[in-house]
Each structure stands twice: as structure tokens, then as C-alpha cells.
Amino acid sequence: MATTEEIRAQLAELVNDVAGVPVEDVQLDKSFVDDLDVDSLAMVEIIVGCEEKFGVTIPDEDSKNLKTVGDAVAYVEAHS
Amino acid sequence: MTAPITASAGGPFARLLSIASFVPSRVVDNAEMCTWIDSSDEWIQQRTGIAERRWVGEGEDVESMALSAARTAIERSGVPAAEIGAVIVATVTYFHQTPSLAAKLAHRLGTNGAAYDISAACAGFCYGLAQAEALVRSGGARYALVIGVEELSRFTDIHDRSTAFLFADGAGAAVVGPSETNGIGPVVWGSDGGQADVIGQTTEWNEALSSGERPYLAMDGRPVFKWATGFITEATKSVLDAAGLAPEDLDVFIPHQANNRITDTMLRHLKLPEHVVVARTIKQFGNNSAASVPMAMDALLSSGEAKSGQTALLIGFGAGLVYAGQVVTLP
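Line by line, the protein sequences are chains A and B. According to the numbering used here, the first sequence is numbered sequentially starting from 151. According to the numbering used here, the second sequence is numbered sequentially starting from 776.
Source of the hints: derived by calculation from the structure; they are not laboratory data. This structure is a prediction, so every number in the text was calculated from the model and none was measured. What you were told as hints is all true, and nothing was included just to trick you.
Here are the simulated lysine to any residue pairs, SDA-like style, with alpha carbons at most 20 Å apart:
#1 B:K1001 / A:V206
#2 A:K180 / A:S213
#3 B:K1001 / A:A169
#4 B:K1046 / B:L1020
#5 B:K1001 / A:F204
#6 A:K203 / A:G220
#7 B:K1001 / B:K1012
#8 A:K203 / A:E163
#9 A:K203 / B:K1046
#10 B:K1012 / B:H1050
#11 A:K180 / A:N215
#12 B:K1046 / A:A169
#13 A:K203 / B:W1002
#14 B:K879 / B:S843
#15 A:K180 / A:Q160
#16 B:K1012 / B:E1049
#17 B:K1012 / A:G199
#18 A:K203 / B:T1008
#19 B:K1046 / A:E163
#20 B:K1001 / A:V183
#21 B:K1001 / A:E202
#22 A:K217 / B:P998
#23 B:K1001 / A:E201
#24 A:K214 / B:K1001
#25 B:K1001 / A:E211
#26 A:K180 / A:A169
#27 B:K1058 / B:L1042
#28 A:K217 / A:S181
#29 B:K1001 / A:G205
#30 B:K1001 / A:D189
#31 A:K203 / A:H229
Isolated chain B (complex conformation) (with noise of 0.2 Å):
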């Protein structure tokens, strides 16, 4: 007789325990962007909302980012390092192909849980965060440490006019545990490889090796504007459908900081009641691709513009192209 094996168990419903973020030191205004572009403060503010970014400043790079914002979430959370089960990194800025950040953060961290990096680009915490639920609820990790970083000012094209002003650096982290009460809802995802070519880097490294030049971070606005104002706009409205609610149910919405205008626009079709805040860190942070929702969900909290408890909704949507979304509760 075969004998049966043990199936995995883990929490009934998984939630947010806490959220952090790191915002690098160094502010590139536009005045500063525009000495390497031809461009104007106010076409720039005009077309993406961004009045400034952060890069890393001296001392900081991805790693050093995840760290502060890991600890800070760690701590915030009130679990020990060491019960962390699985430690997921969202980035495509960490520039060593092996091993992963995530295993060199989770020892830094004191957790010698599973670890691993994943690529999804802007939609990188959202596909962490779900992957997190999952494992919470399914017992693969009691708790789960999930990191979206970004240093794309390493990866941007400072003299590309069309997208030089847009990227940013930075980054978010949140632990995932187990609940009494559902605190994430289902996630929502997707990809569209056959607009593969629309955002992405420009050679493969190995060419690069040989060409002596540079990859960079490239973009095709006009599909993707596209693209994320109206297929995104759709995915948003099957999300809030997923977790059951109406948009009077929502408090906050957090799309993936990629230009101020893409925002205004899902707005527009969405019709979500006055009272839903809009995270719009867009204009100070810039564009930090896998940091930028949990950045915006630690601003907002910080600021006192969310509340721990409340209803938010998360979207990333980015190169690949790729999109995931769920709504969860506010740690």
C-alpha cells in the first residue's frame, strides 16, 4: 500500500503585517534632468506628474535599499527574523545573475527561510505578494518577507529624451502572515509576451560584453500608454470584482507609479467614489518599477493620508508585459 503524504497546512487567511520602504537620499529634480535632455521642467511635470525623483545617493544600492526597507518591515511587524519562512525579491536591477539578492538578504535579515528573486518588473511586488499569500495559506512559510527594489537609475539612458526622466530608485517591503480574517484578496495577473518588445532592456548582456556598450531600460510610450489605460483599466475593474466589493467599498488605490496621466486616465473609467485616496508619489519619487506600490502604501500610511485597516487596491503593470493586482487590508 502506498502511504499517504502529509499535505501542507498553513494559516485560514493570510494579511499585511507591516510595510516599509526605503527612499534613496539623492533628489534629481527636473532642472538637473533637463542638463542632460532637451526637455522642460514644466513638459515633464505636464506629460508623467514627476516633479523630482530619488536616486541612490553615496553608500546605497540595491542591496543596502532592501536591507533598510526588510528591517524596518521586520521590525514593524513584530516577527522574529528567524520565523520568516521565505524571503521573495522583486527587481530587475539587481546587476549579479547568481545567486539571488534574496538569499544574501534573508541571512543579512537572520532568517535562513526559502529565498529567491523574481522577474516581473513593475508588477514585481504585486506577483510577491501573491505568491506570499499563497505560501502563508498553504503552510509552505508561516511568514513571508516580500521586497520590490529598484536602482534603474544604473539602467536608464540619461540622454534618452523619452524616458530619462521617468525611472527611479528605491524600495518597499512587507511581511505576509497568517490571519483569523481574509486581509489579501485574489490576485488577478496576467502577461502578454507578444508585446515583449515594447519595454525592456535594449542589448543582452553578453552582447554587451562584446559591443562595449551599454544596456539601458527602453520604452515604446504609445503601446504601453495603451495598453495600461485601457487593458490595465479593465484588469483594475476585475480585481475589486475578485475580492467581491464595489468601488464604495475601496478606501485606497494604489496603481504602479508609472506616469501621472496613466493614473488620470484609469480614473476617468473607473469612477471610483471622492473619497478613495490615490496614491500619487509619482511626483517626488519618480517611477521605481517593483518599489513603487509599497513605497506609495508606506507615504500613505506615514502621512496619515491611510489608515492602517483600511481597503486598498494594488495594481503592477509592466514591462513583459506583465500586470498583477489584488485588494488588500492596510497593515
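Bound-form chain A, shown alone (with noise of 0.2 Å):
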């Protein structure tokens, strides 16, 4: 089981990737679209990212509540 600072990390990866964001500005409590600026679509596929890296579902109503680097890492830890 990854730990949450692995996951914050492969995430970070992964908003880079998507969104040119640098890793080190990916931590918990920042807020995807107010603190890194990630817009709708980057968002989609910042989720996308996530179910292929980490093999979770995560359906549109629950996408919808991710909103800092935290919910997803939590989202991730309670559903992988």
C-alpha cells in the first residue's frame, strides 16, 4: 500500500504531465483550479490520469468534490 506521500508525489507527476504545474507546488492543501490553476478539462484528465496510475474508479459525481491535492490523495487512499 502506498503511503500518502507516495501518492501526493505520483500525482504531482501527473498534474505536471497534464498541466505544466511544478511538482514541488502539488501539496495537499492547494486547491487544483484556485492555487494551481488547473482549468475544467486539465481537471478531466487529471482524473482520467488517476484511474489509469492508480487503478481506481472515480465516477463524475464524485470528481466533482476533488478539489484540493488532498481530496484526491484521500480519494485514492480510501478507494485503491
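Mind docking these for me? Both chains are given alone in their own frames, and the hints should help you get the complex.
In C-alpha cells, the structure reads:
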């Protein structure tokens, strides 16, 4: 089982790949939209990327609630 | 004894003999678009890659655009119009339910060949091309004309800030004929009617008549983007596999011009070699649905970015959801 930090680090790589955000900025308390400037289309890509990377399924109704990096990491921890 | 039925027989292979397009005259830039919706040029360009789109101008409509593109395609092919055995029109914006636009066009072009319309939205041209290839090879038609044409401006809610800036007009046409070498690879196509509600007409025409409210094209962008960047990217790989080619063998990639961000994501996953020219006509044309693939092909050939004889991968995808793709040799 991956640790919270391992999941955050992998997610940071994904966010960097999709939206060009520096990996060190992708911290648990950051909001994707407000702090990292990730727009709605990039967010869809990040969700799809998480599904592939972590082997989870994130339905649309859940993905809308993933506002911060911490929300996404917690979701992956709870569902993988 | 039962008499044997003669089987149809066509050319050993099929190829594109010509491509042509009609780009409508009215330029609607993002500044004009933003007089109808609360948005900005920067926002639209960043989310879609669209700087301006083409809409029909005075005297232009689905029929005139299709006719113009078809006439040029026939002329470029060198095939006498009367020898065209099938006219296939892909469109979702011919608002006259019957008879078909294809029959009308066939007559105006000078052929009495088979003629019919197909409804496969943004995949329409690639659907039509698959049928044309099969008809030419089976002998159903020696030459087939495939037209993708749309007048989405009449089907767009210009006050819907999630879609108004996307949709546009235009036409593209191709003549397909027999060939000694293969110029059209196997089609990879399919549908997912389980997602029928994510893009489509808001209300049926019958309801519209009684309510007095005009139907429009509506889209839930999120699932469409997810499908296009995920499933369609995989389907695109299958198109290449079906043709027996590797990414290095491609010269040109012509995805349906739905959104540059979809194209960008597809490219990140497809890992095509640097030399592959990628169609980006959405910047000037917007999303022309069934017309986008042939319009992009003609634009790339006309500008010299792509050349006759090169190998191109086409993939169309849209409302249905439906998709179709094939590898072709450019005419």
C-alpha cells in the first residue's frame, strides 16, 4: 500500500505532465483550480490519469468533489 | 435447379481520387462571439484553440456548400459526374427530413447514381468513406462521392456559453474510385449509445412545434472530453494497427476538429513522431462536425503542409456517441 506522500508525489507528476504545474507546488492543501490554475478540461485529464495510475474508478459525481490535492490523494487512498 | 446469382465485382482496392472543400464566407471571431456570451477571446482560445470560426454568409446553405465542394472534388478527380454510382452525404443539419440531400445533389451534379444521407455526426465523413470504400471494392459503385456538410450555426444556441463558440459551418467532399494498390485501410468504428445524452439535439422537432421553442445542439463537455481523450485515443491506435502500420509510417494525422485540447491530449498518448503533420484547422474554421476531416485534409494539401501520396490517419468522433477512423493515401 502506497503512503500518502507516495501518492501525492505520483499525482504531482501527473499534474505536471497534464498542466505544466511544477511538482513541488502540488501540495495537499492546494486547490487545483484556485491555487494551481488547473482548468476544467485539465481536471478531467487528471482524473483519467489517476484512474490509470492508481487503478481506481472515479465517477463524475465523485470527481466534482475533488477540489484539493489532498481530496484526490484521500480518494485514491480510500478506493485503491 | 436453382440458378446461380451473379455476385457483384469491383476494383481490387479503393483509394481517394480527390478532395475538396467549401469554406463559408462569414468570419465570426471571438470578439463577435463574446457579444452573445459572457466569455473572452483568451478563455475561448485557451480552452479550444479556436480564434475564429466560419459561418454561412449571404446565399450560402447546406445545399450550396455541399454542391460547391462536390463539384470541385469531381472536377479534380477527372471522373465524369455521370459515372459516379453513389452519392453519400453525411450531415446532421439538413433540416428537410425527406427526400435526402444526396438525391438532390446527385441530380444537380449530373448523376443518377444511388444517393442517400447518413447521420453519424462528427464521424460522418469517416463513416461515409468506409461505405464508399466497400462499395467500390464490392462493385456496388465504380466511383463514389462522399460529402460531409454542416450548418451548425443554425443549430447553435448562441447564448449557451459552454457550446456557442465551438460550432461552425462548411463542407468537404471526396471521390473514391478503384485502384490497383490499396489507398484506404480497414475502418475501425463503433458506437456507444449508452452515452446518447451527452451530445445531441435538445428537443425533438415535433415537441418544438408544439412548444414553439427551437431545438439546439447541446453538449455535456466533461464526459465527451473524457471519452475523446481516453477511448478515442485507443481507437486511433487500433486504426493504425488495422492498417498494419507503425507510427513512423504516418505522415499526417487528421483528427476531427472538436477541440485542440482533445488533439493535444491524444498526441501526448499517441506519441507520434515529430515529422507527422497534425491538422489544426479548428483555429480558423471552428468545429465543422462531419465536414471537419475533409476540410482539414483539403486545407493541408492546399497549403502544401501535406502532399499527395502521403499516408494520413483520419479519425472522426461525436454525437451518438459514434466514431470511425481509417488510414488513407492522400489524393
